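Each chain sits in its own coordinate frame; assemble them with the hints.
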Amino acid sequence: AQSVTQLGSHVSVSEGALVLLRCNYSSSVPPYLFWYVQYPNQGLQLLLKYTTGATLVKGINGFEAEFKKSETSFHLTKPSAHMSDAAEYFCAVSDRSGNTPLVFGKGTRLSVIA
Amino acid sequence: EPEVTQTPSHQVTQMGQEVILRCVPISNHLYFYWYRQILGQKVEFLVSFYNNEISEKSEIFDDQFSVERPDGSNFTLKIRSTKLEDSAMYFCASKGTGANVLTFGAGSRLTVL
Chain A
41 AQSVTQLGSH
51 VSVSEGALVL
61 LRCNYSSSVP
71 PYLFWYVQYP
81 NQGLQLLLKY
91 TTGATLVKGI
101 NGFEAEFKKS
111 ETSFHLTKPS
121 AHMSDAAEYF
131 CAVSDRSGNT
141 PLVFGKGTRL
151 SVIA
Chain B
552 EPEVTQTPSH
562 QVTQMGQEVI
572 LRCVPISNHL
582 YFYWYRQILG
592 QKVEFLVSFY
602 NNEISEKSEI
612 FDDQFSVERP
622 DGSNFTLKIR
632 STKLEDSAMY
642 FCASKGTGAN
652 VLTFGAGSRL
662 TVL
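Protein sequences, first through last, are from chains A and B.
Per the numbering used here, the first sequence starts with residue 41, numbered consecutively.
Per the numbering used here, the second sequence starts with residue 552, numbered consecutively.
Hints in this document: simulated from the structure, not taken from any laboratory.
The model shown is predicted, which means the values in this text are computed figures rather than measured ones.
Even for Gly, the Cβ is constructed at its ideal location relative to N, Cα and C.
A couple of the hints might just be wrong.
[To be verified] The calculated label-pair distances, taken between Cβ atoms and stated as ranges, are:
| hint | chain 1 | residue 1 | chain 2 | residue 2 | range |
| --- | --- | --- | --- | --- | --- |
| 1 | A | Thr45 | B | Ser617 | 45 to 51 Å |
| 2 | B | Gly591 | A | Ser43 | 14 to 20 Å |
| 3 | A | Gln85 | B | Lys629 | 39 to 45 Å |
| 4 | B | Thr648 | A | Ser66 | 24 to 30 Å |
| 5 | B | Gln615 | A | Ser43 | 22 to 28 Å |
| 6 | B | Lys629 | A | Thr91 | 30 to 36 Å |
| 7 | B | Leu590 | A | Thr45 | 36 to 42 Å |
Chain B with its partners taken away, still in its complex shape (with noise of 0.2 Å):
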């Protein structure tokens, strides 16, 4: 069954380094999307991706975060300078066109000390 691959399981990096979180979606997946669960809360909209541009963002989403598509299989999260407050669990989703359900992939955890 197509599955959502992320990269890396866990990451432990320094607050104020830069991190990419690696996604690669069902191929034939045209909607990309990131969430985050900080530890013990739910898990928040954090952005969405369709034909090559951002078509929605939440609050989370801001100056510090970046999102790409540099090859036509992958789709990347950065964060260009990390900060305590984004540990979390990065969760990767695609979605095929007229279709209402998202394919999750096992999520990234980050750990910013």
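Extracted from the complex, chain A is given alone in its bound form (with noise of 0.2 Å):
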């Protein structure tokens, strides 16, 4: 069974300060792997995804993620935090059949303080 570990249910950040937010899955199988991001009051967000090729995937707002099947890890960054980026994350896996159900970590709440 697949599983996805988030380490820190609060992380906060200065606005311009580098923002690490971690994510190790667990997974019989290469996964495919997932960032949500869930602003206050809508619906979860795509951010970016891996599924093959580069282990290096960009996403939308400047934020990227690398995969490294050594260290099972999922790790999402972005350089330089705006206030604008305050949201719960979450980390999902699924396999690659597309056919199984998205397993999401416990989420990640990103405060930044101006």
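Dropping the structure here:
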């Protein structure tokens, strides 16, 4: 069975500082990996995904994530935080068939301090 | 940009009452899902639906839950007799054929008193 662990339920950074949100996965086969963002009172919006190819993937709003198979990690980063980045971030995993449900982590709330 | 639409955005109900949450998936999508998020907890899979039948369901999706696609555009989640622990945000999602990305709606917040 697949699972996702997000370290840190709440991360606080200063505006302009590096954002690092951690995600580790457990999967018996190479998975597909996703980061979703949830702004207040909104749905889950896809930030980026890793399926095949380049292990460093770039998403919207300047975010990127790197798939590291040896570390079973898919950490999300952004070089410089903006106030508008304050939201809940969810890492998710699915298998490559595309027919099994997404499994989500518990989420990390990002706060950005002026 | 196409989006998944959910109604109501918030519903308050008394314990034991029936609730129907509605979703309009993206029009050419064929795979439909319900997830829920209890406050402060992770987003959990409830059920997936394809070709007019349930393709997979979690242990959460017991006999109190049902899904239906009554008219080719709506996708509904019914909870027959709500319990306090059903209070959560319920997300609908849909996916197109050959795609590996789910598009989520904004969610329906259910509060059971």
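Verdict for Lys629(B), Thr91(A) (Cβ pair) under range 30 to 36 Å
holds, 34 Å
Cβ-Cβ distance between Thr45(A) and Ser617(B): within 45 to 51 Å?
The hint (45 to 51 Å, Cβ to Cβ) is violated, given that Thr45(A) and Ser617(B) are roughly 32 Å apart.
Is the gap between the beta carbons of Gln85(A) and Lys629(B) within 39 to 45 Å?
violated, 27 Å
Please check whether Leu590(B) and Thr45(A) have a Cβ separation lying inside 36 to 42 Å.
violated, 20 Å
Return holds or violated for the Cβ distance of Gly591(B) and Ser43(A) against the range 14 to 20 Å.
Taking Cβ atoms as reference, Gly591(B) and Ser43(A) lie about 19 Å apart, which means the hint holds.
Outcome of range test on Cβ distance (Thr648(B), Ser66(A); 24 to 30 Å)
holds, 29 Å
Does the hinted range 22 to 28 Å hold for Gln615(B) and Ser43(A) at CB?
holds, 26 Å
The structure shown violates the earlier hints numbered 1, 3, 7.
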